[in-house]
Every structure is written in C-alpha cells, then in structure tokens.
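> If you want the building blocks of each chain, they are given just below.
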Amino acid sequence: MGSRVRVRGLALAAFVVGCGGGPRADGTATEGDEDATTLPTFTGPSTTGISSGGADETGGEQEPSCTSLPPRQLRLLTRDEYEASVRDLFVLEPRTTCKSDAHCPAGAQCREGACEVTVVAPSSFSLAAGGERWQSVQLAGSFNAWTPDADDGAWSLSYDAAADRWSGEAPLAPGEYAYKFVIDGTDWIPDPENPQTADDGFGGSNSVLTVVGDVEERPPLAFGLGDELPPESRPPGYPFDNNAASGLVTATHVEAYMRAAHDVARLASDTADAWMPCAPLGDAGCAETFADDVGRRVLRRPLSDAERSRFAEVAADDGAEIAVEAMLVSSAFLYRSEIGTPEGDRFRLTDHEMAAALSYTLVGSTPDDALLADADAGALDAQALEEHARRLLDDPRARVAMGRFAAAWLGVEQIETVDKNEGLYGPIDASLRASMLAETTRLFEHVAFDGSGRFEELLTADYSFVDARLAALYGLDDAGTADTPAALPDTRAGLLGHASVLGSYAYSDQSSPVRRGLFVRRALLCQELPDPPPDAGGVPEVDPNATTRERFDQHSSDPACAGCHVFIDPVGFGFEHFDAVGGYREQDAGKPVDASGTLAGVGGLEEDAPFTGVAELGALLAQSDEAPQCFAHQVYRFTHGRLETEEDACAVEQLGERFAEVDFDILELFVATITAPEFRYRQ
Amino acid sequence: MNAFQRRLSRRRLLSGTAAGALALPFFELLTPGRSRAAEGFAQRLIVFYFPDGVVGPSQDGEASLWHATHQGGSVGLTPQLEPLAEAVDDCVFVNGLTMGPADNGSHPGGAVKLLTGVDGGQGESIDHALARTAGADAPFRHLLLGAMANQNNASGDKHISYPSAGNSLAPQDDPAAAFELLFGGNAGGGGPSEPDPRRVTVIDAALDDLSDLQSSLGSVEQAKLAAHLEALREVESRIKNVGSLPTCKDPGVAAVGDVYDPANVPAVVDAQIDLTVLAMSCGLSRVGVIQCSHHTSDLLMSRFEGTPLYDPGFDMRSHQASHYGPSHNPGSNEFAAYLEQRRFWVGRFAYLLQRLRETPDPVGGTMLENSVVLMCTEVCDGNTHQHHDMPFVLAGQAGGAMSTGRVFDGGGQRHAGMLASLATAMGESFAGYGDTNTPPLAGLLG
Chain A
1 MGSRVRVRGL
11 ALAAFVVGCG
21 GGPRADGTAT
31 EGDEDATTLP
41 TFTGPSTTGI
51 SSGGADETGG
61 EQEPSCTSLP
71 PRQLRLLTRD
81 EYEASVRDLF
91 VLEPRTTCKS
101 DAHCPAGAQC
111 REGACEVTVV
121 APSSFSLAAG
131 GERWQSVQLA
141 GSFNAWTPDA
151 DDGAWSLSYD
161 AAADRWSGEA
171 PLAPGEYAYK
181 FVIDGTDWIP
191 DPENPQTADD
201 GFGGSNSVLT
211 VVGDVEERPP
221 LAFGLGDELP
231 PESRPPGYPF
241 DNNAASGLVT
251 ATHVEAYMRA
261 AHDVARLASD
271 TADAWMPCAP
281 LGDAGCAETF
291 ADDVGRRVLR
301 RPLSDAERSR
311 FAEVAADDGA
321 EIAVEAMLVS
331 SAFLYRSEIG
341 TPEGDRFRLT
351 DHEMAAALSY
361 TLVGSTPDDA
371 LLADADAGAL
381 DAQALEEHAR
391 RLLDDPRARV
401 AMGRFAAAWL
411 GVEQIETVDK
421 NEGLYGPIDA
431 SLRASMLAET
441 TRLFEHVAFD
451 GSGRFEELLT
461 ADYSFVDARL
471 AALYGLDDAG
481 TADTPAALPD
491 TRAGLLGHAS
501 VLGSYAYSDQ
511 SSPVRRGLFV
521 RRALLCQELP
531 DPPPDAGGVP
541 EVDPNATTRE
551 RFDQHSSDPA
561 CAGCHVFIDP
571 VGFGFEHFDA
581 VGGYREQDAG
591 KPVDASGTLA
601 GVGGLEEDAP
611 FTGVAELGAL
621 LAQSDEAPQC
631 FAHQVYRFTH
641 GRLETEEDAC
651 AVEQLGERFA
661 EVDFDILELF
671 VATITAPEFR
681 YRQ
Chain B
1 MNAFQRRLSR
11 RRLLSGTAAG
21 ALALPFFELL
31 TPGRSRAAEG
41 FAQRLIVFYF
51 PDGVVGPSQD
61 GEASLWHATH
71 QGGSVGLTPQ
81 LEPLAEAVDD
91 CVFVNGLTMG
101 PADNGSHPGG
111 AVKLLTGVDG
121 GQGESIDHAL
131 ARTAGADAPF
141 RHLLLGAMAN
151 QNNASGDKHI
161 SYPSAGNSLA
171 PQDDPAAAFE
181 LLFGGNAGGG
191 GPSEPDPRRV
201 TVIDAALDDL
211 SDLQSSLGSV
221 EQAKLAAHLE
231 ALREVESRIK
241 NVGSLPTCKD
251 PGVAAVGDVY
261 DPANVPAVVD
271 AQIDLTVLAM
281 SCGLSRVGVI
291 QCSHHTSDLL
301 MSRFEGTPLY
311 DPGFDMRSHQ
321 ASHYGPSHNP
331 GSNEFAAYLE
341 QRRFWVGRFA
351 YLLQRLRETP
361 DPVGGTMLEN
371 SVVLMCTEVC
381 DGNTHQHHDM
391 PFVLAGQAGG
401 AMSTGRVFDG
411 GGQRHAGMLA
421 SLATAMGESF
431 AGYGDTNTPP
441 LAGLLG
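Chains A and B supply the protein sequences, listed in that same order. If you count the first sequence from 1, position 264 lands on 264 in the working numbering, and the numbers rise without skipping. If you count the second sequence from 1, position 278 lands on 278 in the working numbering, and the numbers rise without skipping.
Just so you know, not all the hints are guaranteed correct.
Only part of the chain B face toward chain A is listed, based on derived beta-carbon distances under 7 Å [to be verified]:
#	residue
1	Leu65
2	Ala85
3	Val88
4	Asp157
5	Ser168
6	Ala170
7	Val200
8	Ala205
9	Leu207
10	Gly218
11	Val242
12	Tyr260
13	Thr296
14	Asp311
15	Asp315
16	Arg355
Keep in mind that the hints were calculated from the coordinates and are not lab data. From the three backbone atoms N, C-alpha and C, an ideal C-beta is built for every residue, glycine too.
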C-alpha cells in the first residue's frame with residue numbers, strides 16, 4: 001500500500017491520508033495500513049522550517065522567514081495566457097465578423113462579413129466487372145492529367161470480389177471533370193453508370209462529373225490561434241494548466257507557435273495605430289525604436305543589445321509583421337522567467353520578473369504599462385507590489401482570471417465534455433453546459449469581488465446565478481438575472497449544489513458517491529487517498545430496485561473497502577439528492593433519497609461529523625480547519641506553478657496563517673501570495 | 001466487406017466538416033534517403049495503446065483468456081486475439097513479461113512504466129529514445145496521435161509517452177489538426193521547393209533567442225531548454241530542407257466531427273491509423289504512438305455504432321467493464337462487454353497491420369515487412385491489475401530483424417528488455433533499458 005501512496009507523487013504539504021492510518025506528512029504509509037482501523041485525524045501542519053525572522057514593518061520588504069524557498073524556474077505560457085497576452089499587446093478584440101480572408105481560418109474566405117468554406121464530399125467511382133477478370137482498373141481524367149500509368153501517379157480502383165466491383169474515391173474540388181476508366185492499362189471506357197457524357201474528341205465519349213460543394217460558415221479567427229496550441233500537461237493532483245515542470249516545448253509546439261505568431265501578426269497589422277511606434281521597414285532608426293518599444297512589451301523587459309539588433313534587423317529588412325512573429329516565437333516571450341539575480345545565498349526575482357508574475361497571477365496576462373514603468377524604475381518593492389495588486393484586482397480581466405482559477409481548482413471545466421445519457425436526462429447540449437460552468441465561475445467572481453469576499457460564502461451561498469434552463473433543471477421558479485442571483489431552496493447551497501460540480505463528478509447515467517466524495521477530499525480538503533486495491537470491484541451496475549446508496553453498500557460492509565471508503569462514500573452520499581446532471585430528486589429507484597452522511601477525520605469538527613445534504617456539508621466544510629487551508633494551498637500552487645514539496649512547506653503554512661488573519665478573504669489571500677517573501681525570492 | 005463499402009460505412013460516421021476524406025489509394029511514394037531495411041532493421045516503430053487491460057487470469061484463479069498458446073508449432077489464438085487471425089503470421093505474441101513490483105495493481109502505476117520501463121514514469125519512454133536516435137533523420141521525429149486521450153482534462157499520468165523523466169505529453173486527439181501539422185505546411189501535396197524566407201527569418205531568430213537564454217541561465221532549467229532547442233532544430237530542418245522533403249501526393253484528411261463524441265471514436269482511431277501509415281509511407285516519420293483513450297477510461301464504448309458493443313440503452317464504460325468480477329462469468333454484463341471491447345481494440349490493431357501490409361514500402365516490400373509494431377495496455381487483467389504476464393503483441397518483420405508467426409515466452413523477465421529489443425529492431429544498440437537496465441531479450445528478435 002505504501003507504494004501506491006507514493007505513486008501519486010503528492011507533495012508533503014498536502015495531507016495524505018493513508019486510509020486508516022492517519023494523514024501522512026511524508027507521503028508514505030506505515031506497515032500494516034491495510035489492517036488499521038483507526039480514523040485519520042488532522043494533526044495540523046508541522047512547524048519545522050520556520051526560522052525566527054518575521055515581518056519587517058518598516059521598509060515594506062519582508063525578509064523570507066522560511067529557511068527553504070521555491071526553486072528558480074521557467075514557466076511556459078499556457079494557452080489562455082498566450083491568448084490574453086497577444087490580445088493585450090496588440091489591442092485585438094475578439095472578432096465576430098471578418099473583413100478579409102486574413103480574419104478567417106485557413107481555407108476559408110470572407111464573404112459579406114462571414115467566413116465561409118466550401119465542403120466537398122469525396123467523389124466515388126465504381127465499375128461493375130460483370131465477371132471479367134481484369135488485372136487493374138485505373139481512373140484517368142481531367143483531374144489527374146489523364147494518366148493511366150501507375151508510375152505517374154495514376155489512380156487505381158480496388159477490386160471487391162464479393163460485389164464483383166472495382167471502386168475507389170477521390171477528394172475533388174468543386175468543378176466539372178471528364179474521366180474514363182482504363183482497364184488493364186489499355187482499354188479506355190466511359191463510366192457505364194454515369195449518364196452524363198461529353199464528346200472525347202476521338203469519336204467516343206467521356207463521362208462527365210460535376211462536383212459541387214456545400215458552403216459552410218466558420219467562426220472568424222478570434223486572435224489567430226484558437227485552440228491550435230497543444231494542450232497543457234499537468235501532473236496528477238495538480239488542478240491548474242500552468243504547471244511549470246510540465247511546460248515542455250516539443251516540435252509540435254514550435255509549429256503551433258509559428259502558426260499562431262503568423263496569424264497574430266496579420267491581425268495586429270489591422271491595429272497598428274494602437275501599438276506600432278513607427279513603420280520600420282527600410283528605416284534603421286525606426287527599426288531600433290520599434291525593437292525597443294514593441295520588444296519591451298512583448299518580452300516584458302528591456303531588450304539586451306543582442307536582442308535589439310536582432311529584432312531591429314528583422315524589422316528593417318522584413319517589416320513589422322515578421323518582426324512581431326520573431327518576437328512571439330522567442331523563448332523570452334514564451335517562458336515567464338522566475339530566475340532572479342543573486343542576493344546573498346538566494347536569488348531575488350528581477351522587478352520585471354515580479355511584474356510578470358503579478359500580472360499573470362491576477363489578470364492572466366502580460367504586465368501593463370504602469371507595471372512595466374515601475375519595473376523599469378526598479379520601484380517594485382513589497383509595498384509597490386501590493387498597490388499594483390490592488391489596482392489590478394479592479395481590472396475587469398481579474399474577474400475573468402478568477403473565474404478560470406475557480407473552474408480549474410474545482411475541475412469543473414470537464415462539464416463541457418463529460419458524457420451524459422440524454423435518454424435519461426434530456427438534451428445536455430453545449431449551451432446548457434456553458435451555463436453550468438458559468439454558474440460556478442460567476443459565483444466565485446461574485447463572492448470574491450461583490451459579496452462578503454469570504455471563502456465560507458463559496459460553500460454556503462443560498463443564492464446562485466442561473467439562467468432559465470438551469471433554473472428549470474434545478475426546479476426554481478425564477479432564474480434571476482446577470483446581476484441578481486436567484487434564491488436557492490434549502491436543499492441546495494454553494495458550490496456543492498452546482499450542476500458543474502455534480503455533473504463533473506458523476507457518471508453518464510448515475511450519480512457517484514465515490515467521485516463526489518473524492519472531489520471533496522481532494523479539491524476542497526487537499527487530502528489524497530491511495531488507489532483502490534487491485535481486486536477492488538467496479539462501479540455497481542444500475543439496478544432499478546436499489547438506490548445508489550444501497551448499491552455502494554459493499555464499500556462499508558467489506559472491511560477491505562471500508563478502510564478507505566469510510567472517508568469517501570459517507571461524504572458522497574450527502575449529494576444523493578442530485579442526479580448525474582445536477583437535477584434534484586426526492587426518490588432514487590423508487591425509494592426516498594437518504595442524503596445523510598458523515599465527514600470523518602477533518603480537523604476542527606467533531607469526529608465523524610454528521611450532516612444531511614449539501615447545504616449542511618458545505619457549512620461543515622466552511623467551519624473546518626482544512627478547507628480554508630486547502631484553498632490557500634491551491635492558491636499557492638496556482639501562483640507558483642508548482643505542486644508543493646518540502647521546499648514550499650513553510651511558505652504554504654505561512655500563507656494559510658495569513659489567510660486566517662485576513663478573515664479568509666479570497667482576494668486578500670491573493671494579495672498575500674504577492675506580498676509574501678516567497679513571491680520575490682528563490683533558492 | 002470490401003474496402004469501398006468499409007469507407008462508405010465509415011463515412012456515415014463522418015460529419016463532412018472538412019475538405020474531404022482520406023484518399024489513401026492515390027498517394028505517391030517517394031523513396032526516403034536512408035534505408036535501414038537494406039541493413040536488416042526496421043524502418044519504423046509504431047506503438048498502439050488501448051486502455052484498461054485485458055481478460056487475463058481471474059481473481060479466482062482461472063487461466064488467462066488473452067494469452068496465445070503454442071499448438072504444435074503453430075499459434076493458438078484466444079477469443080480476444082481472434083481479430084488477428086489473418087495476421088498471425090505477422091505477429092509475435094509476447095507472453096510472460098513483467099513490469100516489476102512497483103505499484104503492481106495500479107492502472108496509473110502501470111501506464112507510467114509501460115513505455116519507460118521506469119517506476120513512476122521517471123524516465124524517457126522508448127518512443128522518444130528512438131525518435132531522437134533511429135528517427136532523428138525524419139522530418140517529424142515523433143508522432144503522438146490519440147483518440148479521446150485527453151478526455152475530460154486527463155492528467156499527465158494518463159499518458160504514456162515521456163520525453164523526459166516525470167513528464168508525459170498529451171497526444172493530438174484531432175485527426176484534422178494532426179493532418180494540418182503533417183501535411184499543411186511544408187510536406188504533402190507537392191509543397192514549395194524553396195524555403196519560405198519569412199519562416200527562415202523567424203526560426204533563425206528563435207534559435208538565436210534560445211541560445212541567448214541558455215547561456216544566460218547556466219545550469220538552471222537546462223533540460224527544458226535543451227528539449228526546446230531540439231524542437232526548434234527539427235522544425236528548422238523542415239523549413240530549410242523543404243525542397244527535399246518527401247511528398248505525399250493528394251493526401252486527404254478524414255473529417256470526424258466532434259472528436260470527443262464517443263460515437264466518433266472508432267472513426268477517429270481509424271483516421272489516426274491512416275494518418276500514421278500515410279505519413280510514414282512517404283518518409284515523414286519513423287516513430288509513432290497511437291494512444292486510444294487512457295487508463296481508467298470513462299469512454300462509453302456502448303456508443304460505438306455498428307459494432308457488437310453498441311447498446312444505446314445502456315452506458316458501458318471501458319473501466320466499468322474491466323471490473324467484470326472475480327471470475328470469468330459469461331453471464332455478467334461487464335464480462336461480456338469487456339471481452340467485446342478488447343476484441344474491438346485488437347480489431348483496430350489488426351486494421352493497422354492490414355494498412356501496413358497493403359501499402360508498398362518505398363524501400364521495397366510492404367510497410368509491414370519493414371516495421372516493428374507494438375500493441376500494449378497498462379495492466380494485464382483489468383480486474384486484478386497485475387503488472388505480470390503483460391499482454392503484449394509485436395508485429396511486422398522489422399526489415400528482417402524479427403521472425404513472426406510465433407509465441408514468445410518471456411519467462412518472467414522485465415518488459416524493459418522488450419523495449420531494448422525494439423531499439424535493436426530499429427538498428428540501435430541499447431545495452432539495456434529502464435531502471436533495471438534490462439538488456440534486449442534473447443530470442444525475441446531473430
């Protein structure tokens with residue numbers, strides 16, 4: 001069992017539950033775990049690794065009080081960060097219409113503001129052999145220069161003995177084509193099954209094929225890259241897309257970056273007035289200015305001499321567009337640098353590195369002019385960082401970024417793709433799924449920016465932002481509006497009652513106490529459980545005569561399962577009033593739902609804390625020691641792009657303490673990550 | 001069913017959103033510059049992965065229903081392997097290899113060891129080791145295509161291809177995007193003969209930038225930057241040598257619609273197979289991985305229309321079926337579905353072999369004769385999750401390096417030895433592979 005715990009690679013600072021053996025500070029389990037029956041109890045973080053240093057009240061520059069610091073690293077921009085950055089750098093607005101083909105995806109043309117492509121089904125050709133034993137049948141026509149010679153790329157049909165037919169297909173562009181079949185390389189005949197013919201000029205006739213396409217509309221390029229950048233990889237247990245260690249550049253990335261840079265540069269030429277200092281082509285003086293000015297914004301720092309001359313030369317020789325492309329494929333743009341400069345036995349991030357870290361953390365994009373100006377001036381001490389942080393939190397982009405943070409933290413982005421059985425639940429289409437996701441991001445945004453600001457409200461809110469369809473799914477009379485949330489019934493409260501959560505942690509055709517219970521343990525409590533033993537059974541089949549709770553009964557009756565599942569299922573049972581898509585139900589398999597559960601082994605609560613339903617579960621979690629501490633962990637992970645290890649343990653612990661000091665205010669926690677010494681210093 | 005009918009039935013699944021369907025019969029073959037086949041080695045390696053194991057030895061001790069047997073000099077196939085009936089002579093059924101004790105019983109623990117041979121995935125996988133050696137002269141060193149391999153934001157431990165210790169790559173799940181990458185730029189369709197000066201300028205600048213960064217950082221993050229540099233050089237080579245790139249005439253792309261609709265997965269798998277074969281047939285790449293879904297898969301295989309798995313009234317997931325119970329009970333829904341699911345994956349592997357067999361190799365013979373192909377999954381039995389007696393099948397004659405049509409019994413040796421043997425088949429000499437540094441297995445090749 002120990003090895004199974006280890007494989008999860010979970011960091012020290014997270015509270016690893018070795019089932020029945022208590023939380024594991026070092027990610028290992030002791031002998032005899034399998035037989036242990038005691039419940040894990042949260043013992044609180046250790047105090048090792050904290051030196052006696054403390055806040056420096058005078059200079060605003062707090063010295064690191066932790067003896068260990070996170071390592072220096074390069075952080076590849078995520079797809080979201082890339083897109084936001086180029087949008088902000090070149091003042092690009094999301095397009096809804098096109099003005100030219102350049103605004104359309106490859107192969108599409110702009111016609112009256114819409115991007116259109118002509119879609120053509122492949123053309124099929126077929127010839128009945130009629131019992132003849134031909135060796136070959138080629139297709140020759142105006143589309144392939146009438147070649148019957150295999151060495152010249154003739155198109156060969158293949159023979160199917162059962163049907164006694166030769167057949168094949170070719171992707172032909174729209175147009176009119178003449179063709180013949182060539183039998184055994186010598187015998188040219190028209191297609192006997194095609195009535196359309198034309199004189200072949202040799203006294204015979206050619207078959208004529210008219211290929212027409214269907215015109216389909218395509219969305220214009222938003223900023224030129226769409227989803228073309230490769231998806232991020234992330235280690236297990238790390239919920240965000242910005243893991244620094246996983247951010248590797250492959251040849252596939254390079255191709256995608258080059259394509260995206262090309263598209264962005266084309267789009268940026270439309271908005272040149274907003275960002276281009278002068279036209280550099282053939283103008284060496286302007287080219288230097290261009291390189292310095294645009295390069296500083298793209299690379300988020302002043303250019304080195306080598307960079308200046310490199311980009312200026314491209315700008316002067318090849319023009320602004322190619323120079324922008326070159327900047328956008330530069331490693332200095334693609335990686336956020338957290339390298340720093342030596343200061344004693346550690347490294348202090350440069351002001352420009354801090355400006356980038358601050359901006360990407362809070363608004364998900366590149367630093368703005370004010371931040372860059374202070375970085376240029378070397379003015380980013382802790383106090384200035386805090387002022388910029390508070391300023392940026394007022395930026396509308398911060399709301400979007402916070403919503404994205406919440407969706408990733410909770411793992412609810414998958415509601416957009418997770419399969420649902422529409423035979424059971426009706427249409428769960430893209431628009432309804434988008435509403436489900438929006439409900440969650442909107443609540444987080446509202447609580448953080450407009451509500452109490454407190455973490456607790458995420459779990460206890462008795463209101464939510466639902467549209468008409470979601471209201472119908474929830475059985476609400478009123479949907480509320482974008483600004484006015486709808487009141488929720490007693491049965492549903494906070495994030496735990498959101499369809500995005502309930503649907504993401506369920507199967508296509510049934511709820512899942514295990515997935516929902518694990519969601520609470522992992523995302524909300526930062527507790528990791530080992531994999532099930534090799535001989536664990538699967539999910540019990542849907543049984544029309546048994547409730548979900550009854551079907552999962554083996555998990556508590558079988559001691560081999562109960563060791564772990566006592567921490568999982570009794571939490572998940574609390575969600576049982578909600579089906580696999582988040583709809584409310586009074587009955588399961590014809591019997592009344594029992595949504596009572598227990599939350600075992602959580603600090604700050606009684607042992608085996610009982611509850612019924614998600615509203616009570618949310619309230620319990622809000623009172624627990626772990627849930628807010630876990631949230632601080634998640635914010636630390638997100639800010640640093642790391643699944644924390646021993647090097648981060650002290651910093652994470654201090655961040656959790658700081659969260660309590662600010663009365664669990666979400667935005668203050670983000671500010672605290674920015675002002676913490678670990679934000680500025682590296683090992 | 002003939003090829004044309006098969007295409008028709010497949011096209012029924014295609015949504016017709018892209019420019020056309022595959023036109024495989026009509027591409028032109030050009031001879032790649034280097035011939036390993038002439039030296040008696042494989043021209044290429046293809047790894048075909050499917051999720052969640054097989055029906056192996058049951059928890060109650062019943063014998064495996066997967067492993068092929070020796071039957072008086074010929075191969076005895078089991079029902080799960082039966083879709084390979086016509087390909088028996090092209091296969092080596094590899095029994096008796098173990099992935100070692102670490103994390104035995106775990107899906108993720110198996111997936112991370114599968115191609116790395118290293119516990120916890122803390123090593124480079126064999127596909128990458130060969131991409132940068134035997135495959136380094138190909139325009140695309142490494143192909144990594146998937147079918148719903150990133151379903152629902154799959155974490156990295158669900159992916160099997162490791163370019164470096166502890167870091168896996170996410171496969172490209174969209175055949176249209178993969179096609180664009182392979183054929184949309186430089187290669188395919190008779191591309192330009194002169195390098196695009198714009199792309200040359202941009203890639204040169206990127207190389208200079210990276211070089212600056214490398215020298216300014218010293219030892220920090222050097223592994224990451226070295227990988228980045230290799231990636232830039234690979235693309236640089238494609239840009240600057242565009243005139244000598246192999247040309248694949250008139251390649252099309254299969255339009256598959258929503259690649260995350262389970263109903264489309266059979267079409268996606270076949271499209272990724274077709275693309276891999278097409279790209280390799282004209283020398284664009286020597287090393288490819290096709291990852292179908294991922295371990296503990298939620299893939300609703302009951303929505304595969306036109307297959308025996310199809311059951312619109314019931315949602316059967318891969319992982320759900322894999323927990324078929326303690327015994328081989330044909331009366332169990334899960335067991336029956338699980339067996340059919342395995343047959344489906346083996347059938348797609350058979351399709352891959354068929355495509356390789358019917359495609360002439362530019363160096364002579366068929367592609368299959370000059371390939372080494374591995375079919376694998378991350379555990380043996382899907383219910384017990386053992387990492388022993390792993391269900392591997394090798395195929396292709398590897399340019400003469402591997403005799404086929406037999407069962408190989410590994411006798412409990414580490415599977416890392418098989419990974420080392422793959423290198424041998426590709427003409428590379430690896431003393432050993434994996435954290436056990438297991439040498440190539442005696443008798444596996446030859």
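> Now look at each hint and say whether the structure bears it out.
Here is how each hint holds up against the structure:
1. The closest approach between the C-beta of Leu65 of chain B and any C-beta of chain A is roughly 17 Å, which is over the 7 Å cut-off, so the hint fails.
2. Below 7 Å, beta-carbon pairs count as interface contacts, and Ala85 of chain B has none with chain A, the closest being about 18 Å; its hint is therefore violated.
3. With a cut of 7 Å, the hint placing Val88 of chain B at the interface with chain A is violated, because the nearest CB-to-CB distance is about 22 Å.
4. At about 4 Å, the closest approach between the beta carbon of Asp157 of chain B and any beta carbon in chain A falls short of 7 Å, and the interface hint on this residue holds.
5. A hinted interface residue such as Ser168 of chain B counts as satisfied when its beta carbon comes closer than 7 Å to some beta carbon of chain A; here the least separation is about 6 Å, so the hint holds.
6. Against a cut-off of 7 Å between C-beta atoms, the interface hint on Ala170 of chain B holds, since the closest Cβ of chain A lies about 5 Å away.
7. For Val200 of chain B, the interface hint is violated, the least distance from its beta-carbon to any beta-carbon of chain A being 10 Å, above 7 Å.
8. Because the closest C-beta pair between Ala205 of chain B and chain A is about 4 Å apart, less than 7 Å, the hint holds.
9. Because the smallest distance between the Cβ of Leu207 of chain B and any Cβ of chain A comes to about 10 Å, over 7 Å, the interface hint for this residue is violated.
10. The criterion of a C-beta within 7 Å of any C-beta in chain A is not met by Gly218 of chain B, whose closest approach is roughly 10 Å, and the hint is violated.
11. The interface hint given for Val242 of chain B is violated, since its Cβ lies 13 Å from the closest Cβ of chain A, which is over the 7 Å cut-off.
12. Checking Tyr260 of chain B against chain A by beta carbon gives a least distance of about 5 Å; that is within 7 Å, so the hint holds.
13. The restraint placing Thr296 of chain B at the interface with chain A is violated, with a minimum CB-CB distance near 9 Å, outside the 7 Å limit.
14. Here the hint on Asp311 of chain B is broken, as its CB sits about 11 Å from the closest CB of chain A, past 7 Å.
15. Nearest Cβ of chain A to the Cβ of Asp315 of chain B: about 4 Å, under the 7 Å cut. The hint holds.
16. Restraint check, Arg355 of chain B versus chain A: the minimum CB separation of about 13 Å is more than 7 Å; hint violated.
Going down the numbered hints, you'll see the structure goes against 1, 2, 3, 7, 9, 10, 11, 13, 14, 16, while the others check out.
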